[in-house]
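J.: Letter by letter, the chains look like this.
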Amino acid sequence: MTTIDKTAAVPAPRDGETHEGPLLDVRDLHVEFRTREGVAKAVNGVSYSVNAGETLAVLGESGSGKSVTAQAIMGILDTPPGFVTKGEILFRGQDMLKMSEDEHRKVRGNKIAMIFQDALSSLNPVLSVGYQLGEMFRVHQGLSKKEAKAKAIDLMDRVKIPAAAARVNDYPHQFSGGMRQRIMIAMALSLEPDLIIADEPTTALDVTVQAQVMDLLAELQAEYNMGLILITHDLGVVADVADKIAVMYAGRIVEQAPVHELYKRPAHPYTKGLLDSIPRLDQKGQELYAIKGLPPNLLKIPSGCAFNPRCPRAEDICRTDVPPLAPVTEQDGADLPGRGSACHFWKETIHG
Amino acid sequence: MAELSKNDKAEDVSEAEAVAAIEAPVERGEPILQVRNLQKHFPLTQGILFKKQVGAVKAVDGVSFDLFQGETLGIVGESGCGKSTVAKLLMSLEKATAGEVFYKGQDITKLSGRALKAVRRNIQMVFQDPYTSLNPRMTVGDIIGEPFDIHPEVAPKGDRRRKVQELLDVVGLNPEYINRYPHQFSGGQRQRIGIARGLALNPEIIICDEPVSALDVSVQAQVINLMEKLQDEFNLSYIFIAHDLSIVRHISDRVGVMYLGKMAEIGTDEQIYDHPTHPYTQALLSAVPVPDPEARAHRERIILTGDVPSPANPPSGCRFRTRCWKAQDKCATEVPVLAIPERFQGQDTPAAHESACHFAEERTVLSV
Amino acid sequence: MSDTTQIAEANAKIMDGPNVPGPETARSEKTRSLAQDAFRDLVRRPMFLVSAVLILGILTIAAFPSLFTSVDPLACDLKHSMEGPSGSAWFGYNFQGCDVYSQTIYGTRNSVIVGVLTTAFSLVIGGLIGVLGGFFGKWTDALLSFVTNVFFGLPLLLAAIVILNNFRDEKGMRNAGVMAVVLTLTVVGWMSMARVMRGAVMQVKQADYVAAARSLGASTSRMMFRHVLPNSVTPLIVVATISLGAVIGAEATLSFLGIGIRPPAISWGVMISEAQQRISSGLHPLLFPSGMLTITVLAFIMLGDAVRDAFDPKLR
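Chains as they are written, first to last, in the numbering used here: chain A, 1 to 352; chain B, 1 to 368; chain C, 1 to 316.
This is chain A alone, in the form it adopts within the complex (with noise of 0.2 Å):
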């Protein structure tokens, strides 16, 4: 598997430049599993949106639907068994739902990218990590073997591998786990998309390692002005990079706010618990806060608020209504900009 698609024959001009609006923007998307115990409601009524040089983190546990959004965005969902039941997903403007698949691919080859969480299974084994690179360039812009290896060993040196020139011709088994992200990243950037899609980008890599590939995520960011989505369960990670957050669970999201403010002051619930269970490096404190029971069974999503069942603050009317993603107001009723959460009592967890 690669991260971009080979069959566009020439990038497309960036005509979409004079779009007003996010980058990217979703819109109340629905995706369902439809599986022999039942169908599991992976997707229900997602919205985000990023602009150019922005990141947005993801954020959610196992099962909370975050990678299979991304799936939806990339077009590269599974159907069957998955299907995007509702919602748009607007690149620009474009719904790239309503797109042919040869338009769908243009823009997926040449907008976007994706970096996967396992590098050695998202690039060949027996091509060399030269001809993997400069393939995008060979294919897509028609360049020579040579003109395309010297692009390779650029995009390499950007990446910041060292001793690129001499490493071209070398196979991916013979690069460590963080050199191979690199390589990974090296290759999303290959055609300079504007908006990339990091799935769990460092999780397989050692603590040492991660900083280093987030610090180049970050830095290649800024230089493109690209709009990024980090997907992850890491509360960690994200704190450096992200700009704004979308928390996830059961499908939704739970709690949108910028990066600082959802540190400082969660207006969720389940946002709270999860900052306060994870152990904190400068304070050791007694007892971890655990949240208590199982993340929710997607088949079965309880009725109304589906955090409900392990929700400290949940009365009658969380098992009843479905709360919706309310904007979050000061005490005052000043606004908060950006902030937004799907609980029916965020006052008395955001100032309470």
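For the record, the hints were derived by calculation from the structure and aren't laboratory data.
All values reported here derive from a predicted model rather than from experimental measurement.
Glycine included, each C-beta is placed from N, C-alpha and C at the ideal position.
Hints are supplied without guarantee of correctness; some may be wrong.
As the list claims (entries may be wrong) - Calculated pairs, EDC-like style, for lysine to aspartate or glutamate (alpha carbon to alpha carbon, straight line, at most 16 Å): (1) K88(B) <-> D208(C); (2) K205(C) <-> D141(C); (3) K117(B) <-> E23(B); (4) K88(B) <-> D129(B); (5) K272(A) <-> D292(B); (6) K110(B) <-> D129(B); (7) K229(B) <-> E71(B); (8) K86(A) <-> D28(A); (9) K146(A) <-> E135(A); (10) K229(B) <-> E287(A); (11) K163(B) <-> E153(B); (12) K98(A) <-> D28(A); (13) K229(B) <-> D253(B); (14) K264(A) <-> D243(A); (15) K138(C) <-> E94(B); (16) K264(A) <-> D292(B); (17) K326(B) <-> E362(B); (18) K300(A) <-> E287(A); (19) K205(C) <-> D274(B); (20) K264(A) <-> E294(B); (21) K272(A) <-> E348(A).
What the hints assert, rightly or not - If you want the ones that stay clear, here's a sample from chain B, every Cβ over 12 Å from chain C, calculated: (22) S14; (23) E15; (24) V26; (25) Q34; (26) F42; (27) Q46; (28) V57; (29) D66; (30) K110; (31) G158; (32) E270; (33) S310; (34) S316; (35) A352; (36) T364.
Here the structure of chain A is known, so what remains is to put chains B and C in place on it, guided by the hints.
T.: For chains B and C alone, kept in the frame of chain A given last:
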């Protein structure tokens, strides 16, 4: 692998002595496990039928530490540092190339037969991956009851079902789940089953190899809390191996930092986290993502260059020198020993703890 | 374990309420083992049902041929030679004037016996060698793999011919009985079973639950029979089911070449062999036994496929 009891009389006597020593209790705070210069080299071979050794991966290369009764010793390090191999060596799942592991004075690397079985009753393990550590074809009751089948002296036959249900209860699972199969449980629940199995024989030491790293964040805290509770209740000593420094700090009394098969630094959690003297520890701590952008802004960040070298061909002298900003000629020629650095010797400072660096100095990385 | 209840209560407060259904528990409240799951999956597959019905039919024919025909397969009358299918003889008569339908029915038994026994023997021999090699590794594995490879090196047909040529009946004629064919096909056919088993065992041996059993002090036999074997036997069963069909085909081939089961014993291979000699006089004596052979082989291969899919959906 086969544990046949030997007929040799002399050995029977020494074995009986060993068993007696193993069954004697240890006072709280006394060393219960002493690891000395432990080594494990995996040979690299060529050829199929007639193998020729062409080198060795030095996964563990001279590690020494003590585990005291009732404490939690955390061992941290990046992948490939040898921490999981240490766990396997302590469990006698791998045979040590050299070195000793003294459990109550008995070198368990040399034990076999009845004495080894007695040791195994007392040292148990919790595995990283709850999906592969439970036999998918056995019911939960059979899995947790298996220790009693192997050591029938612990629980009489008629008593076992009740014991298993008790254990399920202790780890916070419904005792009625006894007839279910592992695939009917979530990751966190499976890890509880693994813990229950480890507890069944009433062991003294539990070695935990990344016990929560495969779990969801919200479930990690549940399991960590459970493990802390069980430690108090059953008077357990833990060796807690993990790559997550925050969790290790939370649960550990003392912490050892490993790099490429060697112990770089070891001390109490305060000494290691607030007063690290080894550059690797400092870099590791500074790289840990902190879920707080405010605290993060005040923090000094040391970003290491490059990757961990291959343990098949480690650097000469100090193994960290290829990534170290302090490295000098001495580091390439002399292997630094794990000891209290000279400059701190005899001083009453938290920096005076064992650190394997020629140029050890204190540097506060975490904002306090 | 004195105060276990107290702890459990404390746990329940902060942790999993045991009654909160997990993602997997909620699917069904009943206890189901992996094998039961696989079976439920199996009975919903049309391919399995079709092949199972066919195989049941074939086994019944093999066991009770007299239920399906009252004609003696060896009561041949030359006056009927090469008569085509008719109301009294559905499949017609062969050159010797024997009833083809009756012979096809009675031939089933030998073909099925060869298939089942050969597969069973190969399963035991190959399985055993595979388990020993895979589990103990080192020189045991080196030796057993070497032996396996030597047998793999034998050209199947040549080896079978060489071995079967040495079986003679009382009159000194070249004539191998059913058991001789079974043994020969076992000798040349057990190796793939050993390979499959060895691979599966080596993989399962790495699993943490085996390490867990070892660290509890489990004996070698416990690890082997309780942990490794139950988890590595599935691929072997799948291979066995598929190869059963192939063995029946191989038996027919040997009979056809005149070195397997020989007349007057009846098997499909014998019938095909006889019929092809007179192919110019009529196709029907060839067509019907060949058809049965094809259906049987296909049925077992389909069954094998269905079993594999049910036990290991990832292999699909």
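J.: For each hint, tell me whether it holds in the structure or not.
T.: Now for the hints, and whether the structure bears them out:
no.: 1; hint: K88(B) <-> D208(C); verdict: holds, 11 Å
no.: 2; hint: K205(C) <-> D141(C); verdict: holds, 14 Å
no.: 3; hint: K117(B) <-> E23(B); verdict: holds, 12 Å
no.: 4; hint: K88(B) <-> D129(B); verdict: holds, 15 Å
no.: 5; hint: K272(A) <-> D292(B); verdict: holds, 13 Å
no.: 6; hint: K110(B) <-> D129(B); verdict: violated, 29 Å
no.: 7; hint: K229(B) <-> E71(B); verdict: holds, 13 Å
no.: 8; hint: K86(A) <-> D28(A); verdict: holds, 7 Å
no.: 9; hint: K146(A) <-> E135(A); verdict: holds, 11 Å
no.: 10; hint: K229(B) <-> E287(A); verdict: holds, 10 Å
no.: 11; hint: K163(B) <-> E153(B); verdict: holds, 13 Å
no.: 12; hint: K98(A) <-> D28(A); verdict: holds, 15 Å
no.: 13; hint: K229(B) <-> D253(B); verdict: holds, 15 Å
no.: 14; hint: K264(A) <-> D243(A); verdict: holds, 14 Å
no.: 15; hint: K138(C) <-> E94(B); verdict: holds, 15 Å
no.: 16; hint: K264(A) <-> D292(B); verdict: holds, 8 Å
no.: 17; hint: K326(B) <-> E362(B); verdict: holds, 13 Å
no.: 18; hint: K300(A) <-> E287(A); verdict: violated, 32 Å
no.: 19; hint: K205(C) <-> D274(B); verdict: violated, 43 Å
no.: 20; hint: K264(A) <-> E294(B); verdict: holds, 9 Å
no.: 21; hint: K272(A) <-> E348(A); verdict: holds, 12 Å
no.: 22; hint: S14; verdict: holds, 19 Å
no.: 23; hint: E15; verdict: holds, 14 Å
no.: 24; hint: V26; verdict: holds, 20 Å
no.: 25; hint: Q34; verdict: holds, 20 Å
no.: 26; hint: F42; verdict: holds, 14 Å
no.: 27; hint: Q46; verdict: holds, 14 Å
no.: 28; hint: V57; verdict: holds, 17 Å
no.: 29; hint: D66; verdict: holds, 21 Å
no.: 30; hint: K110; verdict: holds, 17 Å
no.: 31; hint: G158; verdict: holds, 16 Å
no.: 32; hint: E270; verdict: holds, 27 Å
no.: 33; hint: S310; verdict: holds, 22 Å
no.: 34; hint: S316; verdict: holds, 33 Å
no.: 35; hint: A352; verdict: holds, 37 Å
no.: 36; hint: T364; verdict: holds, 34 Å
In this structure, the hints that do not hold are numbers 6, 18, 19, in rising order.
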